[in-house]
Amino acid sequence: MGKGLSTLRRSSLWQKLKWPTLGKGTERSQALWAYTFLSLSVLGLFIFTILPIIAAFGLSFVNWTLLSPPKWAGLSNFQRLLNDKYFWNALKNTFYYVIGVMPGIAISLLLAVILNQKLRFTTLYRTLYYLPTITMWTAIALVWRWLYSPQYGLVNWALGLIGIHGPAWLSDPHWAMPAQIFTSWWKGAGYNMVILLAGLQGIPQIYYEAASIDGANWWQRFRHVTLPLLTPTIYFVVVMTFIGSFGVFAQIYIMTEGGPGQATTTIIYYLYNNAFKYFEIGYADVLAIAFFVIVFTFTVIQTQLQKRWVHYT
Amino acid sequence: MKRIIKIGLLVALVVTLVTACAPKTTPAPSPTSVPTTQAKPEELTGKLTVIHWGSEEEKDLVAGWIAQFNEEHPGITVEQIHVPQNYWDKVAAMFAAGTPPDLMYMGYPEMVRYASEGTLLPLDDYIANDPEISTDMFFPALIKAFTYEGKLYGIPKDWNTQVLYYNKTLFDQAGLSYPDENWTWDDLRAAAKKIAADTDGDGVTDQWGFVTDVGMNRIGAWIYGNGGSILSEDKTKCTLTDPASVGALKFLTGLMFEDKVAPSKAELGELSAKDTFSSGKAGMYVCGGWRVLGFRDIKDFEWDIAPIPISPTSGKRGTVVDTVSWSIAKDTKYPDAAWALLKFFTGEAGQVRTAKGGTATPSMIKYANSEDFLDPTKPPAHREVLISYTEDEIHYYPVIPKMGELWDAWGQELSEMWLGQKSVEDSVKAFCERIEPALPK
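Note that the protein sequences, when read in sequence, are chains A and B. Oh and the first sequence: position 60 is 42 in our numbering, straight run, nothing missing. Count along the second sequence from 1, then add 53; that gives the number in our numbering.
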């Protein structure tokens, strides 16, 4: 933690941040106003995010069914976690999903590079690719359920045109997760594309000019100028995608309900079931803590690894 | 030092907030006194919260009844909460917050969890001391459904059994006689084989003999009929691995994967079993009586209902009951007012409305046998089938306090079996392994 924080402190972003202090005159009154406006959202953050997090730690030591008062359980919920094969299965599925979603970043990068060219209707394309991002998961998941329908779905119809007999995507234990991953690619492509596009446009043109003068072709320019200078953005996208996809829930809940069998039961879906279907609030909180520890560990590892491949200008 | 004070303050704040939200450890003295003398309606006072699920139409209906109730009981204020979706989350949250609803819709599978945690008011003394209502007015199977450890926790408002819907037009075309009360599984299978066809000749069956959803009530009907069960009588053991239970599942999966006369989940895809039947693409369909209303709109063919066929192995048939009650929270401040409202809800107005509607059977014997319910001028011609099952043919969901685990085990561990990707034996084994830790000890 300490190391991660010091890395953050040394980073340029941190240096650029100016903390409004209660100085003198105009500065003081401006700072006061800033804090006044901030206070509401900070209060909201405290009540709806920070407090529940603290409560979750406390509730992990009790058995609570919501109906009768919580009973002290000590560490039994944690012991249960270690022997719960459905938890390990959910963890496995979550990693399967997360690793599967990662290649989607390459699609976003490709889109970003293409849409960074001066083409006709660029703005239109950018808008179109961004549309899935701002559409609610509920609507998307319902539509994709129909797209994946084995007999009447568009996906299998399209596969049929090239002579492939498509599987029953969402009700086949082997194909349900790949189908979920593909939908996530489609939904997430636009969001990552916009961020990468911003990164691309932040690369000074002079580097390309210099490389051209040195006789670099488009691939060499991409490989030795674009990619290295884009690594801070790619790093951001990778970390955010990792954390976001680790917490996958809505699409699972709507498209497959964790099934068939347990094939798409991810950690958060399993947590939800424990809390609101089985009414095991204490155990659900243990799952939440496990989730936090795993995501935190991987994020720290990523901040360490970034030194090897991320180039800040 | 400053830091320590800050942390201390934070902890104090958290503790106050957490304890403020937690349910009180000392529950309000529960009403154990029972009205020995009936208070006059206009003298009753109280403020009641009523929570229920259902359509917009149902919401308006309940609102109308509340208005009607208030004409006789001006002293009782009723607040209605209508929850169309995620009903149980809302109810649980209200109990957890220490402000439970006074009256609520309650299904008997959920009732056991609430009753076992002592959150519902036992109604035995109320019904025994009330001259206007008695348990013998109701179907005994329903009183049994809402009885937990010898106490009654809800007054049933309506109910349903599983029946066999059949497409008369397809039966006529195949030259078959209609299903009747003597029909066995073999008859069903033979008829399904005759009806199933590939009508457009593209090599894919598009007219099915039989179709079913795979919910615990539909499938339970076959399991119980075959003499099997899902859990043992005392609910401490999983019995889905018993030969009779496996036999029923093998019969049903056999129709799908051996005879190929019933569509599997994979073949149905996003199309429901109900839609398959109502669009005329299936000869027979098993479901509860709640489909009657929707099926009355069918124009393209004629249909009727029959009892679930008899198992050739056990010589018996089975069905599974679905029923909803009005229940009262134990911590209600106005038990007498709540009882008066419950009696009104489950009384004549509700019963007649159920009888005239097409989604459920009245819970009172008298109204279920009324012309309103049995009306032979509207399909199905034999609606009495819904109430024709004898007491030993009627079965229940195997209700345990941890019902959520049971629903999930049923839905998830058997799903590959319904896709034809896992054998019945392996699936029931996985089911039992999954549910056993959640069974009462």
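Any given hint could be a false lead.
[As the list claims (entries may be wrong)] Straight-line Cα separation of at most 25 Å, SDA-like style, residue types lysine to any residue; simulated pairs:
#1 A:Lys67 / B:Pro490
#2 B:Lys303 / B:Leu346
#3 B:Lys455 / B:Glu202
#4 A:Lys100 / A:Ile236
#5 B:Lys396 / B:Glu125
#6 B:Lys112 / B:Lys334
#7 B:Lys318 / A:Ala121
#8 B:Lys494 / A:Trp54
#9 B:Lys204 / B:Ala149
#10 A:Lys259 / B:His135
#11 B:Lys288 / B:Thr200
#12 A:Lys67 / A:Phe278
#13 A:Lys67 / B:Pro493
#14 B:Lys455 / A:Phe258
#15 B:Lys334 / B:Lys419
#16 B:Lys419 / B:His435
#17 A:Lys74 / B:Thr200
#18 B:Lys143 / A:Ile236
#19 B:Lys494 / A:Ser227
#20 A:Lys259 / B:Met147
#21 B:Lys494 / A:Asn65
#22 B:Lys313 / B:Asp259
#23 B:Lys327 / A:Lys100
#24 B:Lys334 / A:Gln133
#25 B:Lys352 / B:Lys482
#26 B:Lys396 / B:Gly410
#27 B:Lys494 / A:Gly56
#28 B:Lys221 / B:Leu346
#29 B:Lys313 / B:Lys290
#30 B:Lys494 / B:Ser282
#31 B:Lys334 / A:Tyr134
#32 B:Lys431 / B:Ile119
#33 A:Lys53 / B:Ala149
#34 B:Lys482 / A:Asp66
#35 B:Lys303 / A:His156
#36 B:Lys409 / B:Ile440
[What the hints assert, rightly or not] Which stretches of chain B does chain A cover? Using the computed rule of at least three CB atoms under 8 Å from a CB of chain A, they are:
#37 143 to 149
#38 161 to 175
#39 305 to 313
#40 452 to 464
Hints were generated in silico from the structure; no laboratory data involved. Glycine included, each C-beta is placed from N, C-alpha and C at the ideal position.
Query raised in the report: Which of the numbered hints are not met once you compare them with the structure shown?
Result: 2, 4, 6, 15, 17, 19, 23, 25, 29, 32, 39
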